[in-house]
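Listed in order, the protein sequences are those of chains A and B. First residue of the first sequence? That's 1 in this note's numbering, and the numbers climb one at a time after it. First residue of the second sequence? That's 1 in this note's numbering, and the numbers climb one at a time after it.
Honestly, the hints are just simulated from the structure, not real lab data. Glycine residues also receive a C-beta, built at the ideal position from the N, C-alpha and C atoms.
Straight line, CA to CA, 30 Å or less: simulated DSBU-like cross-link-like pairs of lysine-lysine: (1) Lys46(A) / Lys72(A); (2) Lys157(A) / Lys214(A); (3) Lys274(B) / Lys172(B); (4) Lys46(A) / Lys308(B); (5) Lys157(A) / Lys132(A); (6) Lys72(A) / Lys308(B); (7) Lys59(B) / Lys165(B); (8) Lys21(B) / Lys132(A); (9) Lys46(A) / Lys124(A); (10) Lys72(A) / Lys21(B); (11) Lys124(A) / Lys21(B).
To spell it out: a stretch of chain B is covered by chain A in this simulated footprint if at least three of its residues, at any positions, have a beta carbon under 8 Å from a beta carbon of chain A; those stretches are: (12) 13-22; (13) 223-230.
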Amino acid sequence: MIEFINVSKQYGPDARALDSVSFHIPQGGIAFLTGHSGAGKSTLLKLTAALEQPTRGNIVIGDAPLNRLSEKHLPHLRQRMGIVFQNHHLLLDRNIFDNVALPLVFAGYGYADIQRRVRAALDKVGLLAREKDNPCSLSGGEQQRVGIARAVVNRPKLLLADEPTGNLDPEMSMEIMDLFRRFNQVGVTVLIATHDLNLLREMGFPLLSLRGGKLIHNDFEHPRMKHPA
Amino acid sequence: MTGKTPLLSRLAYSDHGYAIKHSLHYLGTARIATLVTLLVLGISLALPAVFGLVVVNLKRIDVSQDDANSLTLYLHPRVSDLQGVELAGDVQKRSDIRSTRYISRDEALETFRKHSSLADATDTLEDNPLPGAIVAVMAQDDGDESRIRLLSETLSAYPEVELVKYDLNWLKRLRAILALLSRTVVLIGILLVLTALLVIGNTIRLEMLRRSDEITVSRLIGATALQIQRPFLYSGVIYGILGGVLAIALVGIVVTSLSGPAEVLSGLYGSTYKIQGLGLQYSLILLGSSTLIGLVGAWLVARWQMTKILQ
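All chains should be modelled from the sequences, with the hints used to inform the complete structure.
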């Protein structure tokens with residue numbers, strides 16, 4: 001589902017964020033992406049969401065090689081993935097329903113479908129009763145759950161999360177992780193960037209570890225590396 | 001299926017409806033900024049419209065140019081009305097004269113009484129001191145002075161004619177002023193349209209900065225570049241429409257407050273001239289142009305901002 005082949009990303013002559021990274025997370029897989037801040041986690045997620053282009057190497061999402069996609073096709077690609085951010089990125093000028101509805105509006109769904117899907121997504125994160133409220137009125141954990149509802153409302157095949165529990169206490173973090181686990185159980189491929197060691201231990205998902213832009217640990221051995229010719 | 005959900009909701013969550021809804025919401029939130037922008041816009045669109053109307057109205061005065069393109073032949077006082085009418089007929093037969101009109105001595109006195117503050121003085125006179133006259137409208141109206149001078153000398157040769165007078169200068173001056181004014185209006189118009197574009201562009205730029213969260217999020221969840229720009233294009237169009245309406249209202253106020261004095265003035269010249277306002281046609285043109293200015297201003301800025309975002 002997510003395949004990196006010798007991917008490097010250079011931001012300047014001396015700023016190498018990723019150095020020849022290769023891995024393959026299969027369809028329906030779930031993984032933690034770990035490493036200290038500055039290790040390249042965010043860069044890796046940005047490349048996966050095609051928000052930035054790699055300096056070298058190829059990335060394949062599903063069956064779409066990103067380097068062959070033009071800027072025109074990227075919105076469609078992003079509509080098929082859900083992204084969860086550390087600071088939830090909710091729009092405070094509209095209510096929770098409208099926040100979650102946004103991806104569906106852009107994807108061109110009719111109102112009946114939008115209503116049904118938004119309520120289903122809010123129900124899954126346990127916030128159905130709050131749909132008319134402003135995101136400001138929610139706690140940090142609840143806001144993050146709205147962010148997750150927005151990420152999954154399009155029923156994506158792939159869910160990316162950048163430090164989704166970065167601002168949450170341990171108990172809430174566990175709730176959020178449990179949500180990700182449940183989405184994974186129904187077939188969604190999930191990649192979660194985190195440096196929360198407790199979570200890593202508790203959840204026991206496969207690991208990808210970055211240090212200084214290099215992949216130093218990979219629980220999904222790249223097939224081409226595993227079976228060298 | 002669709003009948004179950006209210007039309008308004010369906011519209012509000014369509015691609016365009018959603019953009020319009022949140023643009024309106026934003027304009028409502030940034031009330032003072034919106035108001036200032038609309039005022040600047042309305043004024044900068046109303047000014048060229050007002051100047052334009054001034055020119056249009058002056059040109060309508062110019063329509064009565066037969067008066068200007070004519071010679072007045074003052075007759076000797078001893079010439080009778082019958083002789084005067086006969087002479088007018090003779091003069092009209094000339095190929096360089098289009099038409100003539102004889103003004104009898106009585107008619108001249110009557111007109112003088114009506115329009116002159118010296119009217120009372122005439123009552124003390126025993127005889128009518130005014131001569132009869134023939135107003136001859138020339139066939140050509142090119143304002144060629146040597147031709148007219150020659151014609152006036154020829155007409156002076158009639159024994160009944162005492163004096164030939166013509167005044168082309170005021171017509172020439174009026175035309176020159178009109179030409180200058182028209183040019184000025186066009187130039188001011190261009191400058192003010194540019195002002196309107198800049199105001200809308202800058203307003204949209206600020207709006208994009210304030211709504212940068214929305215732009216970021218929209219991009220991340222799969223909005224196309226057009227979908228990201230759409231709310232801002234609608235903002236521009238909304239500014240354009242409201243600014244246009246405001247401009248029309250301002251012009252209306254100006255025309256209304258000027259029409260009273262203008263009627264008094266034209267009354268003094270014995271005319272029933274009425275100021276011409278925008279009317280439906282010019283109002284629609286003004287509204288259409290301001291809407292277009294709004295869209296273009298927003299589009300230019302949105303496109304420029306988007307290329308910065310997509311880098």
